[in-house]
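J.: Single-letter residue listing:
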Amino acid sequence: MNKQIRQLALGLMTLYVVLFATLNYWTVAQEEELNANIENTRAVRREFDRPRGPIVTADGVVAAESVPNPDPDAEFDRLREYPTGDLLSNITGYFTLSFGSTGVERVYGDVLTGTTTEQQIRALGDLLSSDVDNSGTVQLSVRNDLQAAAKFALAGRSGSVVVTEVETGAVRAMYSNPSYDPNTFVNLPFEDAQEAIVDLQNAPGNPLLSGAFQQRYMPGSTFKVITTGIGLENGVIDTTSEFERVSEWVPPQTTDPIENYRGSVCGGDLPEVFRRSCNIPFAQTAILLGPDRMVDGVGDWGIGEALPLDIPGSAASTFGDTTDLDERLPLLGIRGFGQNDDQMVPLHMAMVAGTVANGGRMMEPYVVESTYDHQGRVLNDTDPEVWKTPISAQTAATLTELMTGVTEGEGGTGQSVQLAGGQRFAAKTGTAELGLVDDPDRVHAWMIGFAPLEAPKYAISVVLTDLTSTQADAATGGREAGPILKAMLDYLLTGPGANVQLGGPG
Amino acid sequence: MTDTLEADLEPTRLSRRERRAAAPLAYRRRNVELSLIILAAAITAMAYTVASLGSNAEIPAGIFGFVAILLGLLLIAHLAVRKFAIGADATLLPLAALLHGIGFVMITRLDDTLAGLQSLWSLIAVATFVAVLLVVRRVTDLARFRWTFFAAGAIGLLLPMVPGLGANINGARIWVSVGPINFQPGEFAKVALAIFFAAYFADNRELIAAKTWKVGPFHLPEPRFILPVLVAWGFAIVVMVGQRDLGSSLLFFTLFVVMIWVATERVGWLLLGAVLFAGAAYFSWTQFSHVQTRVDIWIDPWSDSLDRGYQIVQSLFGLADGGLTGTGLGRGNPNQVPEAQNDFIFASIGEELGLIGGTAILMSYLLIVGAGLRTALRTDREFEKLLAVGLTTIIGVQAFIIIGGVIKLVPLTGITLPFVSYGGSSLVSNYILLALLMRVSDSAARRIGEVPDEPTPGERWAAWKLRREIRRDQKRAAKRSEAAA
Numbered sequence: 021m022n023k024q025i026r027q028l029a030l031g032l033m034t035l036y037v038v039l040f041a042t043l044n045y046w047t048v049a050q051e052e053e054l055n056a057n058i059e060n061t062r063a064v065r066r067e068f069d070r071p072r073g074p075i076v077t078a079d080g081v082v083a084a085e086s087v088p089n090p091d092p093d094a095e096f097d098r099l100r101e102y103p104t105g106d107l108l109s110n111i112t113g114y115f116t117l118s119f120g121s122t123g124v125e126r127v128y129g130d131v132l133t134g135t136t137t138e139q140q141i142r143a144l145g146d147l148l149s150s151d152v153d154n155s156g157t158v159q160l161s162v163r164n165d166l167q168a169a170a171k172f173a174l175a176g177r178s179g180s181v182v183v184t185e186v187e188t189g190a191v192r193a194m195y196s197n198p199s200y201d202p203n204t205f206v207n208l209p210f211e212d213a214q215e216a217i218v219d220l221q222n223a224p225g226n227p228l229l230s231g232a233f234q235q236r237y238m239p240g241s242t243f244k245v246i247t248t249g250i251g252l253e254n255g256v257i258d259t260t261s262e263f264e265r266v267s268e269w270v271p272p273q274t275t276d277p278i279e280n281y282r283g284s285v286c287g288g289d290l291p292e293v294f295r296r297s298c299n300i301p302f303a304q305t306a307i308l309l310g311p312d313r314m315v316d317g318v319g320d321w322g323i324g325e326a327l328p329l330d331i332p333g334s335a336a337s338t339f340g341d342t343t344d345l346d347e348r349l350p351l352l353g354i355r356g357f358g359q360n361d362d363q364m365v366p367l368h369m370a371m372v373a374g375t376v377a378n379g380g381r382m383m384e385p386y387v388v389e390s391t392y393d394h395q396g397r398v399l400n401d402t403d404p405e406v407w408k409t410p411i412s413a414q415t416a417a418t419l420t421e422l423m424t425g426v427t428e429g430e431g432g433t434g435q436s437v438q439l440a441g442g443q444r445f446a447a448k449t450g451t452a453e454l455g456l457v458d459d460p461d462r463v464h465a466w467m468i469g470f471a472p473l474e475a476p477k478y479a480i481s482v483v484l485t486d487l488t489s490t491q492a493d494a495a496t497g498g499r500e501a502g503p504i505l506k507a508m509l510d511y512l513l514t515g516p517g518a519n520v521q522l523g524g525p526g
Numbered sequence: 361m362t363d364t365l366e367a368d369l370e371p372t373r374l375s376r377r378e379r380r381a382a383a384p385l386a387y388r389r390r391n392v393e394l395s396l397i398i399l400a401a402a403i404t405a406m407a408y409t410v411a412s413l414g415s416n417a418e419i420p421a422g423i424f425g426f427v428a429i430l431l432g433l434l435l436i437a438h439l440a441v442r443k444f445a446i447g448a449d450a451t452l453l454p455l456a457a458l459l460h461g462i463g464f465v466m467i468t469r470l471d472d473t474l475a476g477l478q479s480l481w482s483l484i485a486v487a488t489f490v491a492v493l494l495v496v497r498r499v500t501d502l503a504r505f506r507w508t509f510f511a512a513g514a515i516g517l518l519l520p521m522v523p524g525l526g527a528n529i530n531g532a533r534i535w536v537s538v539g540p541i542n543f544q545p546g547e548f549a550k551v552a553l554a555i556f557f558a559a560y561f562a563d564n565r566e567l568i569a570a571k572t573w574k575v576g577p578f579h580l581p582e583p584r585f586i587l588p589v590l591v592a593w594g595f596a597i598v599v600m601v602g603q604r605d606l607g608s609s610l611l612f613f614t615l616f617v618v619m620i621w622v623a624t625e626r627v628g629w630l631l632l633g634a635v636l637f638a639g640a641a642y643f644s645w646t647q648f649s650h651v652q653t654r655v656d657i658w659i660d661p662w663s664d665s666l667d668r669g670y671q672i673v674q675s676l677f678g679l680a681d682g683g684l685t686g687t688g689l690g691r692g693n694p695n696q697v698p699e700a701q702n703d704f705i706f707a708s709i710g711e712e713l714g715l716i717g718g719t720a721i722l723m724s725y726l727l728i729v730g731a732g733l734r735t736a737l738r739t740d741r742e743f744e745k746l747l748a749v750g751l752t753t754i755i756g757v758q759a760f761i762i763i764g765g766v767i768k769l770v771p772l773t774g775i776t777l778p779f780v781s782y783g784g785s786s787l788v789s790n791y792i793l794l795a796l797l798m799r800v801s802d803s804a805a806r807r808i809g810e811v812p813d814e815p816t817p818g819e820r821w822a823a824w825k826l827r828r829e830i831r832r833d834q835k836r837a838a839k840r841s842e843a844a845a
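In the order they appear, the protein sequences are chains G and S.
If you count the first sequence from 1, you need to add 20 to reach our numbering.
If you count the second sequence from 1, you need to add 360 to reach our numbering.
Some clues are possibly wrong.
Cβ-Cβ distance ranges computed for the label pairs, FRET-style [unchecked claim]:
no., chain 1, residue 1, chain 2, residue 2, range
1, S, Phe637, G, Glu347, 51 to 57 Å
2, G, Phe96, S, Ala402, 33 to 39 Å
3, S, Arg832, G, Gln27, 33 to 39 Å
4, G, Glu405, S, Asp656, 43 to 49 Å
A few chain G residues that face chain S, going by a derived Cβ cut-off under 10 Å, partial list only [what the hints assert, rightly or not]:
no., residue
5, Gly31
6, Thr47
7, Asn60
8, Phe263
9, Leu454
No lab work stands behind these hints: they were computed from the structure.
Glycine included, C-beta positions come from ideal geometry on N, C-alpha and C.
Looking at chain S on its own, in the form it has when it is part of the complex (with noise of 0.2 Å):
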């Protein structure tokens, strides 16, 4: 008993080279990593260069330093993969790397006050990028902490309604003000809520499965394993609806749908979600004038074109104007469409960099949906499953929502782009997410064997503990044994 508990206390340490010689997959991941962001740096140092010749004939003069900026930015992120992630995929941040830049460059050419602050956003999200890898070790950690995450969750979505503490800003009751710092809690909720779903879900699966529970000709979950979710999910609706906050609202309700349906593996959910969905949408249709206007300018935007369909008008002209190449970064008029910096980005892309340029942008936003749902499909635990789906989600549908809002496929929400709109609060959260998901991914990668699984230094200290008390029992049964000798 006591030789395999010390067995297996014993952490294998490996040194650099064994560590290489072992997992030399995950080791040519990171190589293609880092030669994917080297070119999404050069893409966007040169989208930086051609922007500011376009608009001023100029070549930025802090070219130097935004490249080396850029390039350290980058490295220390992919760096901490290397030491913390090793087995992740190797496209992901390269792609959130290439759609930031590109962002980043738009912001740039379109309101340089904001261009500073998203730097120093570019920044925190970084660095909170590298705190999130190094403090989440192991999956199973976030699992853990899902009453919390659903408390943190829940709080997040209700203190903008707090008087004093929320603010309206244009029109949305979203946001957060201490002192100087506004941000929007809403964005971290999504990734709270979706770890708590997550870790729900792979718990009670079964059990919600089952439909134990019969009422009339129908065949339910059982009330207690279920009111939970319902709760998290109509605490989400209520409050995104009393903020105004139609955008979220829709991608809390999708991710809540497709999270349970996978759990439950019932497509039955599927239909209930959007039977739910044809209701409440229906019902606020009726009853609230600003989800009335929304609808009437995506039905005919052309009819109030100078005043509520403006905005969406002006997005259409310039993606319009912008045709299969663009006009060229720095030569659109992109600032001739309101919030172009942000819910609107996608149309100054569309503008400038054309239907080749947009669809760029789409295939990465695919790319990524495809990475974080082939990590789903590596790891075989249902919470990893389950976490990876629903990051996956929020990311491929919070950009579907506002690319189709804005070019007119389905109606108008205010919700940010994914690592492309101005904002600190999108930005810090969606390299949270994607901390998240490379977690996952490099999880998964160890569970395979394509890496090494050593201990985390949490786990190490763990098991120091527990080594120093079991060889003080044995001191102590030593003395024990020549006391009574």
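So here's chain G without its partners, still in its complex pose (with noise of 0.2 Å):
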């Protein structure tokens, strides 16, 4: 029995061998993925007692706070309020006892706590001062007078709207319905803020996830704007490029025409294309361009990879799959006109009409303009930096001259939309026919564009995504979506909005 009780010997020991590699494993291998895990609140239960500075917007509106609670029985000494409730919720993300944090208050949990390195020598040389409390404060480059805008305009209706400042990239407004109240959910006990997010979760739209740069649309005309400027850039087409007038044009490679928006007849040269919206003349030059040159063109737009922004989740927008697709010419040309499998972020949309206005340069975006340490000093300004450059800005100009067509020239989709105070814009309407077999009449209305038009300022995207549409009540981008983006722009340049003094940690 003794050979046996060797091996048993060796068995367990090896049992045991297993069992110490596994927590190896665990606690020195898969540490800093399992410590980044959202749902990790070991962290976050530590920081919880420390004091945690406030999230502040550009005109200076607390957006989260601690403040001390009122319970003094409770495990914790403070609380997370967040006094502007579903405004900024998306942006400034929360920070819960029981379900970790999300968005700004994830990102710049060290600042907001004063763990920074630079925090922490600063603080030693306060040493000599009773001032121990040493959280950071961060400031967003949204306006808080804007997200108000913004959700006035939608009116409740499920869509969003996003502001960006056309030479930083500056994100000024970012607002999507359905958004939803961190109040109700960061200070509870586990079982009770489970059921909160559970429900928000199972929520209609999903609220905890941003429409407007953590979920992508089908972008419809609006999509025209990077199909023309691929077309520009490869001298495929020009200005005075002439497409036939016709009602249905029948791709290679099918039988199947593709037609005009509810098979109109519409032709004529780029600017009246392009200002009337025009699907076959899309079509026809994303064909011309090609799979290659097309694909290459609508990555150069940033088109397939996460935006760059400073706050975790954004999504990708889509060209759809391009595999094989010289081989499905009539997918690529109805994607040059942003149907198929074209989806965009609306974020990344006001993107698209800020490269435009930026001369060709896309920047990238970011919702945190500075930091700052406990007694308001600087720790860091954002530093805007370019993403792509997708367009020289000979084609910036042209599209600009293009996009200015839609507001302001005969038969454009924008027209109906008219700035106060005779501001210019440039703007791209869009109506994406989702063509779902149970929602035949589902569409999504766009508008983008950047104002004003001699300096931009301001670039925009607008989209309403819950939107039927029937022959009798057509809802287009310019009819739906126009209102907001003519709300929001009027507020900015002449409205009540343009005097809004900026900066400083409020």
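From these two lone chains plus the hints, build me the complex, please.
T.: Shown next as structure tokens:
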């Protein structure tokens, strides 16, 4: 029996060696990944009782702050509150006891608690003062007044409004419906918070995900800006290009014709087909470019990459599956005018408009402008960076001309939208027909643009995602998204929003 | 004839000095044990202080009382070993004390109320340890009562299923409630069954190994030799599945397979065991939703991390948060893991003491396994060998099953971590197990000659009775011969 006992010893030892190896795996090899997991609240719990600084909007409104817990017997001395409710929650994110943190709360947690190396070194110098709380402040580039204006303009309809600053890429407004109010669960114990979060996850449209930068939608005709840009860059079209006036066109490899919007006859030179938003010319342009140049081109516009926003979870726009596209030219054509598998993130569409306005440079979007230490001294200012340069300044100028035609030219799809005070602006509308079997009339209505035309300052993208369009009552980008775009730009350029003081830690 | 018998019955009573001279090795062993125990107590006391500093930034108020009681308890256990099992292995008791101490500190840190109960259970456990050493003076005494242990094990396993007596706590019907007292008879049944298996296999190992029964191409042991074992095993499995206690079921099964393999020296039993286990596992996976749940959250706890996978995911988060050195006692959040004081106590240790602390726990179990199997090798009696193997397997495999479950190496099955987890039944039964293992170890030392073998009080009494009878007989014979003369 001794032989078996020795074998048993060896066997049990092997089991324990495996245990040791597994323990190593979790505590050392997987340590970083597990600690970064959004549901890992260990670090949050440790942080929860530390002083935590506020998140302040560009116009000085407190979006998140820690307040003393009114219950003296509670486990924690502080509560986290979000005075702006659901206005900024998709940007600030939330800081909960039981379910980790998201958004700015997550990325800038070290600044807010004062644990960055720089803050700690600075706090050393302050040892002599009695001030031990070195929690920092995060200032957003986003404006509370614009968020409120966007929410008001959407009037409860599902959709997003994004406003970026043309030269810097700073996000000034980024609101989407549905949103959520973090106050309803952040300070609750585990079970209650879990119930609230699960309810939100299961709610229609998932309010926890921002429709503006964490979801993507079929772009419809707004995509023609990109197709035109690629066509111009590659020299396959120019402003003198002429397109036949037809109501349908049969692309290669099929017998199924492509139609214009609602089967209308549409054609002419490039400015005309652009402002009237014909479909066939852009299908022809995409097929003329061919799959390789088209796929490279959309890549230059950043399609296929997650947007480089400074808070986590940005979605990536997509041009659909591009394998064997040379054998599926009709699809390439249809995608050329923003249907089929094209899907764009609303923030990305604002960046597209911004690129045209900014001489072809696509800026990296950001929501955090500056960070400050506990004494209000600047820790870091965000430096604007160019993300992509999909088009030349010349192409940008041409596109600006074409997009101005949309709002000013004869038959322009955005002509119905005119800004207060005669402010000129450039835009493109879009009406994406989803072609859903169970909901054939469902459309996304888009409008993107930038203003003022002479010296572009703001780029904007508006999308309404839950519209029904019928023959009798056509919901189009110009008609549905246009008024929201107008409301935002009017407020910003000539309304009360024009004189709002920005900057400073509040 | 009478002369030799008389000499045999005359007890060799040694003075303390003679005994000390006759067994230098045993005394050295006890001194090593004493110093290791003091070390374990020191580690526990320091951990206790640090945990309190970590969570409240205060030195615990009753620290001196705590150290006094801790040392007192351990010294009582040590003196009992010195008195009743002087030749026993020197490392077993200190290792158990260390595990028990670290477990107690963790439980105190997790829940003050439970800590009070656990200290009461610790008292009872050490008292039981001493009592077992005192009562079980010869290992062979256990073998004599094999059928009693069989019945006790069987009844123990069945009790929780008796209506009105059994209680369903946390989804497993493994509890028995009598008035205010709840206990898990399964914890004791495992020791009883190990004794039964050891005795039965020691008697019948050759007959089982002979395989004289031919069924088609297979050679099997005679049915009448294998039947009681199969009954015992099947009983354990069926009852355990009925009680939804997968961990204990796996433990009993492993215990059975390992013991029959070692006893018969036939590796075929291991293979058969593996096949039977795979079959049973597959069957229960298809039949029972709670088994499917366990497997699902083992394969991917992340997909249901807020509900069914919550416990294991939180456990892994804790381990990762602890990293190499741990967050420090009292400074982590082990309460995030449901049942942290119980099945998941290893996760708490991993979180606050890190990879280093977790490895210390693993090493402690491995050293206990080593000491137990060394005992099995040292003794030359089959029953003692098998008993040592069985008891060691219980500790080693039970710790493996639950630690492996907590760190997602194997599917999670609810079972306590020996000596560390909260719980009276578990603590007391493991101290019984420890006492028996040390008894076997002591017995081996006596037979090797490291310790002079003195009769136990029971044997002395039996001898005294025998001598009295012999004298009576002699007197009667003398009277008869006088009368005859």
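J.: Against this structure, judge whether each hint is valid.
T.: Do the hints match the structure? See the list:
| no. | hint | verdict |
| --- | --- | --- |
| 1 | S:Phe637 with G:Glu347: 51 to 57 Å | 54 Å, holds |
| 2 | G:Phe96 with S:Ala402: 33 to 39 Å | 35 Å, holds |
| 3 | S:Arg832 with G:Gln27: 33 to 39 Å | 55 Å, violated |
| 4 | G:Glu405 with S:Asp656: 43 to 49 Å | 45 Å, holds |
| 5 | Gly31 | 9 Å, holds |
| 6 | Thr47 | 4 Å, holds |
| 7 | Asn60 | 4 Å, holds |
| 8 | Phe263 | 51 Å, violated |
| 9 | Leu454 | 29 Å, violated |
Hints 3, 8, 9 from the earlier list are contradicted by this structure; the remaining hints agree with it.
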